[in-house]
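A.B. asks: Here the protein sequences line up with chains A and B, keeping their order.
To convert a position in the first sequence, counted from 1, into the working numbering, add 1.
Read in the working numbering, the second sequence has 156 at position 168, and its numbers run on one by one without any break.
Hints are not guaranteed to be accurate.
Below 20 Å or equal to it, Euclidean Cα-Cα: the simulated SDA-like pairs (lysine to any residue) are [to be verified]:
1. A:K115 <-> A:R131
2. B:K145 <-> A:W136
3. A:K115 <-> B:S148
4. A:K115 <-> A:G186
5. B:K145 <-> A:G186
6. B:K271 <-> A:G186
7. B:K271 <-> A:R185
Calculated from the structure, these hints are not laboratory results.
Note that the coordinates shown come from a computational prediction; the quantities given were computed from them, not determined experimentally.
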Amino acid sequence: MALLEVEGASVDYGRGRVLDDVSLSVGEGEIVTVLGANGAGKTTLLRAIAGATRLAAGRVTYDGAPLDGLSIGERLARGIVLVPEGRRILISLTIEENLLVGAHQRRDTAAVRKDIAAIYERFPNLAQRRHMAAWCLSGGEQQMLAIGRAIVARPRLMMLDEPSLGLSPLFVNTLFGLIVELNRGGLTVLLVEQNAGKALAIAHHATVIELGRVVVAGDPRALQADPRLREAYLGQGDDAAAGPIEPILQRGTGV
Amino acid sequence: MIAQQLVNGVMLGAIYVMVALAFTLAIGILNFMNFSIPGLFMAGGMATWILIHRGVPWWAAAVVALIVAAAISLAVERLSYRPSNEGDVEVPLVSSLGFLVLLQSLVLATVGSDQQAFPAVLGDLNLRIGGLVIGAAQVLSLAISMVLVIGLTVALKSTSFGRQIRSIAESRETATLLGIDVGAVIPRVFVISAVTAALGGVLFALNYLQVSPFMGENVGFKGVAAMIVGGMGSVWGAVLGGLLIGVAEVLSIRLFGADTVDIAVYGLLLVLLVVRPQGLLGKPPAREKL
Ligand SMILES: Nc1ncnc2c1ncn2[C@@H]1O[C@H](COP(=O)(O)OP(=O)(O)OP(=O)(O)O)[C@@H](O)[C@H]1O
Ligand SMILES: [Mg+2]
Chain A
2 MALLEVEGAS VDYGRGRVLD DVSLSVGEGE IVTVLGANGA GKTTLLRAIA
52 GATRLAAGRV TYDGAPLDGL SIGERLARGI VLVPEGRRIL ISLTIEENLL
102 VGAHQRRDTA AVRKDIAAIY ERFPNLAQRR HMAAWCLSGG EQQMLAIGRA
152 IVARPRLMML DEPSLGLSPL FVNTLFGLIV ELNRGGLTVL LVEQNAGKAL
202 AIAHHATVIE LGRVVVAGDP RALQADPRLR EAYLGQGDDA AAGPIEPILQ
252 RGTGV
Chain B
-11 MIAQQLVNGV MLGAIYVMVA LAFTLAIGIL NFMNFSIPGL FMAGGMATWI
39 LIHRGVPWWA AAVVALIVAA AISLAVERLS YRPSNEGDVE VPLVSSLGFL
89 VLLQSLVLAT VGSDQQAFPA VLGDLNLRIG GLVIGAAQVL SLAISMVLVI
139 GLTVALKSTS FGRQIRSIAE SRETATLLGI DVGAVIPRVF VISAVTAALG
189 GVLFALNYLQ VSPFMGENVG FKGVAAMIVG GMGSVWGAVL GGLLIGVAEV
239 LSIRLFGADT VDIAVYGLLL VLLVVRPQGL LGKPPAREKL
């Protein structure tokens, strides 16, 4: 039984239907990626799962129970954590305060401190400036902080919305390495990406949406290998292959 | 003597600080110019006076008055602020002004428009230091307003609730997305702001031994001015602005007489704002968020 099951999800904004009958399933311990061009409805899908956007039709089931009517906070309490598009760091708060805000539902203060210490250990850049306002961070550091903020919420399902957008190649590699590391630690990941090559390389399952509808879903390696698919849906020409695929992709696809 | 005037000015300023604080919390966190605050100030003093007249001990009367003000403020949140959340910022501004008029009219209808004498419940206990005379009520006002300011600063800085408030102040959308229960935090901010204003009204009554349905108006103007001069949304700005206005007011009464006091005080504020438009502790580009 999948951890997350989206069935026939539809979302309307004003008159337009921006998500139309989207279904997708994320198994426990998997990385599932959702790809698609600008405006395809990827963010809308993640917001609907997180509880920030109402479904006009369809349903989302998590851990065997429907999420209907649950607020963002209630879904967070069940382990669904969103790393939002654009990172949404609170720049008037310090780095440490941003992390503490991520843990705002937790009462186990000592364990929160330990989790934060682990994040500092993983990202010394954040540790050094922990008491400085978060606006002093670079884009990449902000993304690490956004993920750190999600980690201290103790997620079971982490949803990331275009985390590599605007990052330097070095940071992109760090980022994807971190996602794989978290996943190996047992975290289930739903990853929305523009960087299709890298996302496909680490995912166990991929779904491509276009204008709010699912157009392809399946094995990421098949998608990666098919030049027609790449060209049609991922905006990559023949030889603009997705860059070197990390040796990370050693696991079964679990699909 | 000038030292005595300074003391009196600081004590008057302590009351302005509380009103300025109430305004600055509403502006800084909720982006809401809450004109019902002078009404809550008046409700604090008036309700205490009414209850004392019914034989309630003064401290119990004050506690009940604060609860009454908190309840009124929750009504303002529910009826004036929340419905226009996604609409114009001017709508709650006007309807909160409506609450002020409503509160004043209610009190006017029940007790009349006269200024009422407030009993000197603290007796005339005085503290004499050198040649200075400091009344018990003055000491109480200063102590309470400082405890409130320091308590608020610590709570905003170091508690989870404070961090949630500051997250909402920076971006309500982000706070919502992070699972913060914005709808539960905001009414509590209204309560804190109302209790602060109403406590100011109680202390005003204890100090100046008078209450009236319109006691909030003059103090409300000064409170708003103190907030703006200090820097909108800044807690310490409200403190600085409030004390500055209190001292300026008392000194200019002494120097120029009571008739021109408002000209002197607001003239000074105008000059300060020309020199430093963002206020003393405000930050120029993005407004400081508490
Ligand atoms: N709040 C909104 N009101 C109206 N329309 C919206 C709103 N948010 C998104 N849309 C529209 O819904 C569609 C899907 O938007 P969405 O943000 O989900 O796309 P996306 O796949 O995340 O795009 P991108 O890659 O640019 O982030 C777009 O056509 C967008 O214009
Ligand atoms: Mg998007």
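A.B. asks: Please go over all the hints and tell whether each is borne out by the structure.
C.D. replies: Going through the hints against the structure:
no., hint, in the structure
1, A:K115 <-> A:R131, "holds (15 Å)"
2, B:K145 <-> A:W136, "holds (18 Å)"
3, A:K115 <-> B:S148, "holds (17 Å)"
4, A:K115 <-> A:G186, "holds (17 Å)"
5, B:K145 <-> A:G186, "violated (34 Å)"
6, B:K271 <-> A:G186, "violated (44 Å)"
7, B:K271 <-> A:R185, "violated (45 Å)"
Going down the numbered hints, you'll see the structure goes against 5, 6, 7, while the others check out.
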